[in-house]
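Peer 1: Once you have looked at the hints, place chain B on chain A.
Those sequence lines, one after another, are chains A and B.
Going by my numbering, the first residue of the first sequence is number 146, and it counts up by one from there.
Going by my numbering, the first residue of the second sequence is number 146, and it counts up by one from there.
The reader is advised that the hints may include incorrect statements.
Stated by the list, open to error - Straight-line Cα separation of at most 30 Å, BS3-like style, residue types lysine-lysine; simulated pairs: (1) 149/B with 148/A; (2) 396/B with 375/A; (3) 621/B with 639/B; (4) 639/B with 345/B; (5) 359/A with 603/A; (6) 359/A with 375/B; (7) 200/A with 149/B.
Simulated from the structure, these hints should not be mistaken for laboratory data.
There are 2 protein chains.
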Amino acid sequence: MQKKLAELKNRLMEINDLQMAASLLNWDQSTYMPPGGAVARGRQMATLGRLAHEKFTSLEVGNLLDALRPYADTLPYDHDDAALLRRTQTDFDQATKIPAELLSELLAHNAAAYQAWTVARPENNFKAVEPLLQKTVELSRRVADCFPGYDHIADPLIDFSDEGMKAESIRALFAELRQAMVPLVKAITDQSVADDSCLKQTFPEDDQLAFGMKIVKQYGYDLARGRQDKTHHPFMTKFSLGDVRITTRVKENDLSEALFSTLHEAGHAMYEQGIRLDFEGTPLGVGTSSGVHESQSRLWENIVGRSRGFWQHYYPQLQAVFSSQLGQVDLDTFYRAINKVQPSLIRTDADEVTYNLHVMIRFDLELQLLEGTLAVKDLPEAWHGRYQSDLGLRAPDDRDGALQDVHWFMGMVGGAFQGYTLGNIMSGLFYDAALKAHQEIPDEIAQGQFGLLHGWLKENVYQHGRKYTANELVEKISGGPLTIAPYIAYLQNKFGELYNL
Amino acid sequence: MQKKLAELKNRLMEINDLQMAASLLNWDQSTYMPPGGAVARGRQMATLGRLAHEKFTSLEVGNLLDALRPYADTLPYDHDDAALLRRTQTDFDQATKIPAELLSELLAHNAAAYQAWTVARPENNFKAVEPLLQKTVELSRRVADCFPGYDHIADPLIDFSDEGMKAESIRALFAELRQAMVPLVKAITDQSVADDSCLKQTFPEDDQLAFGMKIVKQYGYDLARGRQDKTHHPFMTKFSLGDVRITTRVKENDLSEALFSTLHEAGHAMYEQGIRLDFEGTPLGVGTSSGVHESQSRLWENIVGRSRGFWQHYYPQLQAVFSSQLGQVDLDTFYRAINKVQPSLIRTDADEVTYNLHVMIRFDLELQLLEGTLAVKDLPEAWHGRYQSDLGLRAPDDRDGALQDVHWFMGMVGGAFQGYTLGNIMSGLFYDAALKAHQEIPDEIAQGQFGLLHGWLKENVYQHGRKYTANELVEKISGGPLTIAPYIAYLQNKFGELYNL
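In isolation and in its complexed conformation, chain A is listed as follows (with noise of 0.2 Å):
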């Protein structure tokens, strides 16, 4: 048994070498490739991911693994190897389950929709995407009917980025953030808009992207094994577990650009970096879920980096590299512009409160298409009566409508946006739960150090790696189901005392 398994690690190895090559070579597109590279690039990317799909769904890969699951189920759950082939197992169905023909289909009808929503999203023409759109929503039922005995039809899609989460569930969940959200925002508008004018003043790119990296040095992101350059659009990327880095983008007229999404990237990255080396290669060594790792961006970007103790240490350093443009600014009119509440219609603009309205719309939106409760054609005017009572806004047209993300137009309807929010609110339970175990925490992040924060995260979250699935680290660390009420305290705490509700 132990030369099987060691056997198929071996495989997962070599696939895993053609996926973080893969990943390397998107990386290089993003940041230095010249545009003569574009054409070639997209060939060698394609041919590095089938040749990694072929060697993945292998007869050999299935047949070690049907070789060593009497060895799985003689373990406890939580052994190493145990949840190695569990993980592998979930990864080779839906890797193999899905026919060759119907995975063809939906790639080049992704191909087609995306090109199409290029185009239609500036024209505003919902009407030229719809029938494409209608064709997305009738693939993505198809391949979730190739994982049978789901109880919501979206469960499978929604496995594939969150492992084990529910429609049901989730919907619940968002129902009641919902419900405690909405009057929030009211309560919040209702009171005088915060003036952010001093993050829109000229801020040199370099001391922009060096402030930036010497915090999240500071928070513990490992530079000697990592890094970060500049994209059109922030990612965090991963090539080894001794090498995962982040992107940014800066504009010199907005401070809040670079900065947070750089300490946004980096929660990502810490994550990475996190994991038990010993997972390196396997299914195992990679963040568990997209909620979970969102729950580390929005972590490090929010709950710690938008925090008044946090600035009280970084804003007099913030104010020696600006001290033109923030010297006359005062702690409070800072604290207070980076976390300015207002409701807007497009949610990658959104603040940390109104983000959520903006996620658990577009959830509810695909569950709908999918259950067949909502026809593609109801679409736009759905959306613009959600945006009214969620938000309190109508989107002057689609553009800024049913067209504003890309995520349906490249992809399937069904598990693209739960990871958002769910993140949110794990990033609240996780500060809780570290909270609880370090009281000192907040002392600590108020004078610039966060070895407390980060150390219960790599015990709790991080070292597991994909070992556990998100609601069973949820399980482990808080002792129950995942549940918002954490979440709520921290904005209601936060946002009263801001706002004086």
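Peer 2: Chain B only, in chain A's frame:
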């Protein structure tokens, strides 16, 4: 047949995708990779290399080549398909005729020899690596013997980098060159040594880099399909015909370091950028030999980039950038400084004229080691003897003697050095042919224009990629075999004028 040919090309493209991905992993390792990435990166590059090798040496590729041989035999020699099948067969033979055990033994031995050399060189301890070098010679002979029918035992090894070149004809060519070079060097060094102190001031790095890039852009190095980054050792690398990159290193206190390495690597890169796009992904889509490659780097670095006409145009611009350093240095002083000739002990520091003497010493010694006419234990003294007779110098130790270069300690003895001097010889021959076609080339260069020269090289050298061997290319261009006459005439003209010989 066309179907089989298409299938072969598809397989070659997939193999090429893997190789190009490995090249990007290597480039990243030298440019931006954080140190923590090293271990996994080594494994990932090995995985890609192994998969490419497995796929290339597969039964399927062998069968396709066998099936296509009758088709190739019906084609004219110059036909693209004939050339493609010829070169693919060469590569296939080289990849398959060496038994796997011998290849493993060689790779393992290389790793050990390299490791020992890194210790032995600083310790000036030739004895420590003598038995390892002895084994390298034996392994090199065994590799050569996998390709029976050679005239000289070095021929199969030379074939790996300079296909079609023979030890005996190179030896004859080099003997002739040496006969012309030794008195030329002596005549130059009988004069007073040029003063290059103007190059050894402080020059800000960014200004150096920008100036070099300005020149190579005007050369015709296409930055939409290339870029330059900094590395420890300069090199050129390629990820597709649309993405050919160079690297350089900058010394703040030596103006010639970055500048001439940029011109050198851009010469390599322009060659690759000029290859016919329909050769992409096949064994034809690459420069044809190390000699022809070096001819292009040397031509753009030395024949163009160290010429008087070139600097008549560029020196005022260089003075404008570095006015405090060069404002008071006249053109003639600068021109003499960048063309200083002085026999020295270290090959990589050698000037345009003496460089070949270093190379030819190594070439002769490795042939003698392979033949058995020189024993490994006698190598250090043979080295000193040749340096005394050819350059009039004797290294104080073996560190700067037989232990100087890494080549014999990280690969085979045989085939490692000839390309450098073949390249110089060919640079003279190609430039002479270009001048015969376009007498105006020197006038263009003196105006900072390079279109005629670059156009001639694209038409006569670059576009063909590996369709023709070096010898075939020389024959097509000059109507005869490779001769040193144009190169010697170039050196005698240039340095005769400089040193009033």
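Peer 1: Would you mind confirming whether the straight-line C-alpha gap from residue 149/B to residue 148/A stays at or under 30 Å?
Peer 2: Not satisfied, since the Cα-Cα distance of roughly 40 Å exceeds 30 Å.
Peer 1: Do the alpha carbons of residue 396/B and residue 375/A lie within 30 Å of each other, as the hint requires?
Peer 2: holds (26 Å)
Peer 1: Between residue 621/B and residue 639/B, is the straight-line Cα distance small enough, at 30 Å or below?
Peer 2: Distance ~27 Å between residue 621/B and residue 639/B Cα, so the pair holds.
Peer 1: Need the status of pair residue 639/B, residue 345/B: alpha-carbon distance at most 30 Å?
Peer 2: holds (24 Å)
Peer 1: Hinted pair, alpha-carbon criterion (30 Å max): residue 359/A, residue 375/B. Please report holds or violated.
Peer 2: holds (24 Å)
Peer 1: Below or equal to 30 Å on CA atoms is what counts here, so check residue 359/A against residue 603/A.
Peer 2: holds (21 Å)
Peer 1: Given the hint that residue 200/A pairs with residue 149/B, test it: the Cα-Cα distance must not exceed 30 Å.
Peer 2: Between residue 200/A and residue 149/B the Cα gap is close to 25 Å, so the pair holds against 30 Å.
In terms of the numbered hints stated before, the structure departs from hint 1 and from no other.
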